[in-house]
Each structure stands twice: as structure tokens, then as C-alpha cells.
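Given these sequences and hints, build the entire structure.
One letter stands for each residue in the lines below.
Number of protein chains: 2
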Amino acid sequence: MRVLGVDPGLTRCGVGVVEGVAGRPLTMIGVGVVRTPADAELGHRLVAIERGIEEWLDEHRPEFVAVERVFSQHNVRTVMGTAQASAVAMLCAARRGIPVALHTPSEVKAAVTGSGRADKAQVGAMVTRLLRLAEPPRPADAADALALAICHIWRAPAHNRLQQAVAQHASALKGRTR
Amino acid sequence: MRVLGVDPGLTRCGVGVVEGVAGRPLTMIGVGVVRTPADAELGHRLVAIERGIEEWLDEHRPEFVAVERVFSQHNVRTVMGTAQASAVAMLCAARRGIPVALHTPSEVKAAVTGSGRADKAQVGAMVTRLLRLAEPPRPADAADALALAICHIWRAPAHNRLQQAVAQHASALKGRTR
Numbered sequence: 004m005r006v007l008g009v010d011p012g013l014t015r016c017g018v019g020v021v022e023g024v025a026g027r028p029l030t031m032i033g034v035g036v037v038r039t040p041a042d043a044e045l046g047h048r049l050v051a052i053e054r055g056i057e058e059w060l061d062e063h064r065p066e067f068v069a070v071e072r073v074f075s076q077h078n079v080r081t082v083m084g085t086a087q088a089s090a091v092a093m094l095c096a097a098r099r100g101i102p103v104a105l106h107t108p109s110e111v112k113a114a115v116t117g118s119g120r121a122d123k124a125q126v127g128a129m130v131t132r133l134l135r136l137a138e139p140p141r142p143a144d145a146a147d148a149l150a151l152a153i154c155h156i157w158r159a160p161a162h163n164r165l166q167q168a169v170a171q172h173a174s175a176l177k178g179r180t181r
Numbered sequence: 004m005r006v007l008g009v010d011p012g013l014t015r016c017g018v019g020v021v022e023g024v025a026g027r028p029l030t031m032i033g034v035g036v037v038r039t040p041a042d043a044e045l046g047h048r049l050v051a052i053e054r055g056i057e058e059w060l061d062e063h064r065p066e067f068v069a070v071e072r073v074f075s076q077h078n079v080r081t082v083m084g085t086a087q088a089s090a091v092a093m094l095c096a097a098r099r100g101i102p103v104a105l106h107t108p109s110e111v112k113a114a115v116t117g118s119g120r121a122d123k124a125q126v127g128a129m130v131t132r133l134l135r136l137a138e139p140p141r142p143a144d145a146a147d148a149l150a151l152a153i154c155h156i157w158r159a160p161a162h163n164r165l166q167q168a169v170a171q172h173a174s175a176l177k178g179r180t181r
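Protein chains in written order, with the numbering used here: chain A, 4 to 181; chain B, 4 to 181.
Because the hints were derived from the structure by calculation, they are not lab data.
Because the structure is a prediction, the values reported are computed rather than measured.
Idealized CB from N, CA, C, for every residue including glycine.
A portion of the hints provided could be inaccurate.
To be verified - Sample of chain B residues at the chain A side, in silico, Cβ under 7 angstroms:
(1) 36
(2) 45
(3) 50
(4) 83
(5) 86
(6) 87
(7) 90
(8) 93
(9) 94
(10) 97
(11) 98
(12) 104
(13) 121
(14) 125
Stated by the list, open to error - With beta-carbon atoms standing in for the labels, derived distance ranges:
(15) B:81 with A:64: 31 to 41 angstroms
(16) B:57 with A:62: 38 to 48 angstroms
(17) A:74 with B:33: 30 to 40 angstroms
(18) B:61 with A:138: 33 to 43 angstroms
(19) B:54 with A:107: 23 to 33 angstroms
(20) A:117 with B:14: 16 to 26 angstroms
(21) B:109 with A:40: 50 to 60 angstroms
(22) B:128 with A:117: 56 to 66 angstroms
(23) A:120 with B:99: 54 to 64 angstroms
(24) B:100 with A:118: 44 to 54 angstroms
(25) B:4 with A:22: 18 to 28 angstroms
(26) B:122 with A:122: 26 to 36 angstroms
(27) B:5 with A:118: 48 to 58 angstroms
(28) A:58 with B:107: 56 to 66 angstroms
To be verified - In silico contact screen, one side only, chain A against chain B (beta carbon under 10 angstroms); selected entries:
(29) 66
(30) 70
(31) 84
(32) 91
(33) 101
Spelled out as C-alpha cells, the structure:
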């Protein structure tokens, strides 16, 4: 299972590719940041992010794309840019028929550190350990993108079981109303 | 001057094309709504909006695209979808090299009704009058998209004068420091 994690942002959009299955050691395939100049026009910044994401999809051919779910509650100043960058990432994936999953920051933190309230340093340290890297990926956006990919790989079995259960429940209900 | 106005939204994305110059009667070229099903996956909805906007750009070849500026302060529940739909519209325009302008809802209301606090009915009534339509465009998102295009045409001269003034001031400063 190869997953591209995307930590969306206009100035720095973290991207990281991880391969593996739950319960086995994971492998980092690539990590980086798509940057756009803060003084460029918004439309041009979105085009640059699209180009960057497309390059990562072309090069690494992930089977899933995991994007951080953006909430409007916090970071009011930057949340619009984050939402817009995440839209571009989701669009690029969906256009190719790649399934997109959204994970909240606390789901990601809980998956890699065991605590939904872990700080950036803890997430970086655990990503480094889990992927057996020599040092934490920099900047933090790059580490967060890898954490998203790891979270997706580890949550996938539970997620798939949940979807199966929902589907079975729905077909059972259907049978009952017939 | 031909402008595509976009009132961004995931469920209903209003689109309207207006042609004209400030100080002369304006002409509506087209109006409509790009809809996406609320139960579809977010990535697929963004792809559908991209396809819809592309069709409008292909058919009407606007010289400018005017998009409503989204604020994170109000409508917390729907603001993320609005930001994501607006990102797709800006991306489509910028990819073709079409300049994108953002106007706030109060700028648009003030431009077409004289008051930044006008309600939907007033905006619809003024759009109907200004474009000499038989009846107000429905739904309101379609009327809002036309209002955005009208706002852009009417604000453009002031906007251009402002940009010229800034450029002249910058070159004057440059001259002084030489």
C-alpha cells in the first residue's frame, strides 16, 4: 500500500510518500515541500501547487492520497489558504481516480504518537523512528505529511472493516424492508 | 470587457458572464449554476466543479474572472466548501492566464445596489434592471454571480487607476533612491 500524505498550505505544502501495511515496518519512498511565493497572486499559487502535486503523483504513483482535514475553527488567519491548497490536492488525486482520505490533526497525532495532543517535536520524533530515518524530516510540514501517510496505512484496516460493516448493515436493512 | 463572475459553492456554484464597460449599458451573455451532489465524495465534487467551470471558460472566453472573496469569520459550517470551490475556480482561470479578481460580498452589494448591506432580493432586483432581464435570475447564486461580474466591470477603472498610481509611486521612489 503506497500512500501520498499531503499537509496542505499555500506557502509550504508538505508531501510525503510511505509504503507498507499495518503491522509491518514502513518505508519512506520520498518527502518534500511544494512552496509558493507569498507575494504571488493567489491563482498563480494554486497553479504552482497543482503542478507540484502532479509531479509527486507522476513520480510515485500512490494508491491513496491522505490529506489533512481542515477545520474552520482554529487558525482563522491561515485557514482559507489551507482549505484552498487542500482542494487542489484533492482535485489532483480525484481527477486520476485515486481515492482521497481526510484525517484530522488529532487522528494523525494519535496514530503516530498514541496521543491526539502530541506536539510537533513528538510527531517528528515518532516519524523518524517509525520510518528508520537518520534525522527528523524538515520542515515540520514534511514530517506531518509522512505522519498523515502513516496514519492512513494504520487506520486503513479499521476503516475498511467499518465500511464493510456499514455496507452489510445497509443490505440487511434493505432485506428487512422487502 | 467580458467577465465571468463566480459565486463559489460545492452544492451550487453560481456562474454568470457579463459584457460591457463602466458607464454604458451592460449585456448578460450567460448565467447558470454548476451543481454537485451533496452525498458525493469531496474530491469528486471538486472534479465536477472544475469540469463545469472549464465548460464556461471554453464557451464564453472571458477576459477576467471575478470570484467572491471568502471570509472564514461567518458561515463556519459551509465556509470550507466555499473556500475549496473558489480555489477550483481560481485555479481554472489562472491556468489559462486569465486574471482573477476577488471582491467581497459587501463590495458587490455596494456596487450594484449602492448599499453594502443590501439583501438578496435587492441584489436580484438590481441585477435584473441593470441587465434588462425579464425576471430575476434563479437561484440566488446565479444572480450573485452576475452581480460579481457587474461589480468587476464597474470597479475595474478605479482598480486600474489605483494600480497605475502605485506603479508611478514605486518608480518615483526608485528614481529618488538612485
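Hint numbers contradicted by this structure: Hints 1, 12, 13, 14, 16, 18, 20, 21, 23, 25, 26, 28, 29 contradicted; others consistent.
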